[in-house]
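Participant: What follows is each chain in one-letter form.
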Amino acid sequence: ILNVEQSPQSLHVQEGDSTNFTCSFPSSNFYALHWYRWETAKSPEALFVMTLNGDEKKKGRISATLNTKEGYSYLYIKGSQPEDSATYLCAFLIKAAGNKLTFGGGTRVLVKP
Amino acid sequence: EPEVTQTPSHQVTQMGQEVILRCVPISNHLYFYWYRQILGQKVEFLVSFYNNEISEKSEIFDDQFSVERPDGSNFTLKIRSTKLEDSAMYFCASSGQGPSYEQYFGPGTRLTVT
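Note that the protein sequences, when read in sequence, are chains V and L. Residues in the first sequence are numbered from 271 upward in steps of one, following our numbering. Residues in the second sequence are numbered from 21 upward in steps of one, following our numbering.
Any given hint could be a false lead.
[Stated by the list, open to error] To give an idea of the chain L side of the interface with chain V (calculated C-beta under 7 Å), a few residues:
{"no.": "1", "residue": "N48"}
{"no.": "2", "residue": "Y51"}
{"no.": "3", "residue": "V63"}
{"no.": "4", "residue": "F65"}
{"no.": "5", "residue": "E122"}
{"no.": "6", "residue": "G126"}
{"no.": "7", "residue": "P127"}
[Claimed, not checked] Each computed DMTMM-like pair below joins lysine to aspartate or glutamate, with the alpha-carbon atoms no more than 25 Å apart:
{"no.": "8", "chain 1": "V", "residue 1": "K312", "chain 2": "V", "residue 2": "E353"}
{"no.": "9", "chain 1": "V", "residue 1": "K327", "chain 2": "L", "residue 2": "E122"}
{"no.": "10", "chain 1": "L", "residue 1": "K77", "chain 2": "V", "residue 2": "E315"}
These are calculated hints, taken from the structure and not from any lab test. Just so we're clear, the structure is a prediction, and the values are computed from it rather than from any experiment. Beta carbons are placed, not taken as given, at the ideal position from N, Cα and C, and that holds for glycine.
Given these sequences and hints, build the entire structure.
Facilitator: Put into structure tokens, the structure is as follows:
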């Protein structure tokens with residue numbers, strides 16, 4: 271059974287502070303890791319697709335790193351704003367499995383003004 | 021920007037009834053998916069569909085479930101005889117060619133089985 275874990279489950283951050291959280295996944299049969307941002311009552315929004323060990327990707331104040339050998343990815347939010355409040359999901363993809371994504375439980379981030 | 025749409029946003033049905041959840045994927049996408057999230061649990065994969073056939077399905081996707089792309093634009097999930105445990109948020113997604121492409125998700129249909 272494939273297990274993708276995210277920690278912490280939730281996080282309270284003061285506006286302006288930076289924060290980061292983790293996604294851990296099996297290091298074997300890795301093909302890609304997806305990060306999504308999900309606000310309540312909206313569609314999960316794709317942030318990054320990461321495929322190479324050592325990858326670093328950035329979108330505005332949000333960035334992610336990938337270590338496929340040890341099976342983890344970090345998501346960083348620099349200078350958090352209230353609009354960053356959302357649940358951040360990671361999802362692991364094995365090659366040749368119909369593009370099936372296996373999701374972690376999410377990290378719920380609440381940015382307090 | 022193109023988006024995946026789903027209807028209805030909320031469906032209430034009685035146990036044993038058939039339901040059809042509808043999705044309109046992004047028009048030039050080739051892969052289509054259904055996922056679901058039972059309240060308090062992780063989002064879980066149900067099925068992927070490519071070239072008019074199922075390419076992968078989970079053990080949840082038993083004979084009670086079926087998918088169809090009836091007219092080249094809609095993508096549907098049918099549950100033949102709903103059970104209480106089918107109550108969940110159902111998400112449709114679509115993507116371009118290849119596993120390193122982003123999957124674009126719809127807003128979900130909340131299914132409540134009573």
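Participant: Which numbered hints turn out to be false for this structure?
Facilitator: 1
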